[in-house]
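Novice: Sequence:
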Amino acid sequence: MTRYTQPTTFYTKEHEWVTVHNDLATVGITHYAENQLGDIVFVELPDVGAEFATGDDMAVVESVKAASDVYAPIAGKVVEVNAVLADKPETVNESPREKGWFCVLEIKDGAEIASLMDEEAYKAFCEGL
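Numbering of the sequence shown is given in the working numbering, commencing with residue 1 and proceeding in unit increments.
A hint or two may mislead.
Claimed, not checked - Straight line, CA to CA, 20 Å or less: simulated PhoX-like cross-link-like pairs of lysine-lysine:
#1 Lys77 to Lys108
#2 Lys88 to Lys13
#3 Lys65 to Lys88
#4 Lys88 to Lys99
In short, the hints are calculated from the structure, not lab data.
Model, not experiment: these values are computed from the prediction.
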């Protein structure tokens, strides 16, 4: 398994991003996803200590248009959540990568990272939508 000693970001087909650094993975939704949802009015975050398998429902985002599940891009245990989103869910629209992250996972199986897209592959994927 590759060890990511520098933060490296990957993407899913469900429009989650995951920045991997050592044994931790910060997770959020992409600019594409937040743009499709419109103005985000509520974010339900997972509990610290919760464990997820890849693809499990991990969080919920509600906007003026719709509610959408956020899926775990890789398996792991939640070690931190972005508490700012409870009072300021619009942060996801304003800064989906820098300030609008959802949670940090302790990575269970780093080999799963290989199934994710890099930025170039994700851009090509979005262009095909």
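Novice: Does Lys13 lie within 20 Å of Lys88 when you go C-alpha to C-alpha?
Specialist: 26 Å, violated
Novice: Could you grab the alpha-carbon distance between Lys88 and Lys99 and see if it respects the 20 Å cut-off?
Specialist: 11 Å, holds
Novice: Taking only the CA atoms, is the gap from Lys65 to Lys88 under or equal to 20 Å?
Specialist: Since the Cα atoms of Lys65 and Lys88 sit roughly 18 Å apart, the hinted pair holds (cutoff 20 Å).
Novice: Starting from Lys77, check that the Cα of Lys108 is at most 20 Å away, please.
Specialist: 7 Å, holds
Hint compliance for this structure: hint 2 alone is broken.
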